[in-house]
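Engineer: Sequence:
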Amino acid sequence: IHSLINDMDDVADLIQDSAETMALYDVQHMTEEIKHLTSLSLRCCERVREAVRQLSQIAEPKHAEAALKICEEIDKLESDADRVMRSAMSRLFREEADVRELIKLKAIYELLESITDRCEDVANDIEGIVLENS
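Residue numbers (this note's numbering): 8 to 141.
Careful: at least some of the hints might be erroneous.
In silico PhoX-like links for lysine-lysine, alpha-carbon gap of 20 angstroms or less [as the list claims (entries may be wrong)]: (1) Lys42 x Lys83; (2) Lys42 x Lys113; (3) Lys113 x Lys69.
DEER-style ranges, computed between Cβ atoms [as the list claims (entries may be wrong)]: (4) Asp89 x Ala66: 51 to 59 angstroms; (5) Ile110 x Pro68: 26 to 34 angstroms; (6) Phe100 x Asp20: 24 to 32 angstroms; (7) Val34 x Ser63: 34 to 42 angstroms; (8) Ser10 x Glu80: 16 to 24 angstroms; (9) Ser10 x Glu72: 15 to 23 angstroms; (10) Glu103 x Ile12: 32 to 40 angstroms; (11) His9 x His70: 17 to 25 angstroms; (12) Asn140 x Asp20: 21 to 29 angstroms; (13) Glu72 x Ile110: 39 to 47 angstroms; (14) His70 x Phe100: 42 to 50 angstroms; (15) Ser141 x Arg93: 32 to 40 angstroms; (16) His9 x Val106: 36 to 44 angstroms; (17) Asn140 x Ser46: 31 to 39 angstroms.
For the record, the hints were derived by calculation from the structure and aren't laboratory data.
Backbone N, C-alpha and C fix where the C-beta goes; we use that ideal spot for every residue, glycine too.
Let's have the full structure, built from the sequences with the hints guiding it.
Structural biologist: What follows is the structure, given as structure tokens:
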């Protein structure tokens, strides 16, 4: 449970870091990649919330199974974010001539993708809790 709480706190910190970084860097235009990574991060966070809700009743097999299924969905979303990130970085280094803009976008892409990574860590924690209690 301690690891779950720490990883969930890390998710919240990364969301805040992402917002603060965008404000600090004065991002004026949201690229499609930012929008896509933000959407995937949001979906991961929504699924984490639902998986945590299921934990309150994991003594019932249907809730334990539901939590595990949600964890699989989080893993898939994280893999999708990895693909978007690779594509975004490739495009960024191919097409962005302004070095300052490149540095800003690279940092933002990495922060947004790290949210999904940490959500996957939360999912792994939840899977461990479910398996320990089955």
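Engineer: It remains to establish, for every hint, whether it holds in the given structure.
Structural biologist: Status of each hint after checking the structure:
Between Lys42 and Lys83, the direct Cα distance comes to roughly 18 angstroms. Compliance with the 20 angstroms bound is thereby established for this hinted pair. Distance restraint check for Lys42 and Lys113: the Cα-Cα separation of roughly 14 angstroms lies within the 20 angstroms cut-off, and the hinted pair is therefore satisfied. Of the pairs offered as hints, the one joining Lys113 and Lys69 is violated, with about 42 angstroms between alpha carbons and a cut-off of 20 angstroms exceeded. Hint check: Asp89 to Ala66, Cβ distance near 34 angstroms, so the stated range 51 to 59 angstroms is violated.
Checking the proposed 26 to 34 angstroms range against Ile110 and Pro68 shows it is violated: the Cβ atoms sit about 50 angstroms from each other. Under the hint 24 to 32 angstroms, the C-beta atoms of Phe100 and Asp20, about 28 angstroms apart, fit the expected range. At roughly 38 angstroms, the beta carbons of Val34 and Ser63 sit within the given window of 34 to 42 angstroms. Against the hinted window of 16 to 24 angstroms, the Cβ-Cβ separation of Ser10 and Glu80 comes to about 20 angstroms, which satisfies the hint.
In this structure, Ser10 and Glu72 meet the distance hint of 15 to 23 angstroms, their C-beta atoms being roughly 22 angstroms apart. The hinted window of 32 to 40 angstroms between Glu103 and Ile12 holds, with their beta carbons roughly 39 angstroms apart. Between His9 and His70 the CB atoms are about 22 angstroms apart, so this pair conforms to the stated range of 17 to 25 angstroms. Taking the beta carbon of each, Asn140 and Asp20 are about 28 angstroms apart, inside 21 to 29 angstroms as hinted.
For the hinted restraint 39 to 47 angstroms between Glu72 and Ile110, the CB-CB distance of approximately 45 angstroms keeps it satisfied. For the pair His70 and Phe100, the supplied restraint of 42 to 50 angstroms holds, since their beta-carbon distance comes to about 45 angstroms. Between Ser141 and Arg93 the beta carbon distance is about 36 angstroms. The supplied range of 32 to 40 angstroms therefore holds. The given range of 36 to 44 angstroms is respected by His9 and Val106, whose C-beta atoms sit roughly 42 angstroms from each other.
Distance hint check: the CB atoms of Asn140 and Ser46 are about 32 angstroms apart, consistent with the given range 31 to 39 angstroms.
Of the numbered hints stated above, those contradicted by the structure are hints 3, 4 and 5, listed in ascending order.
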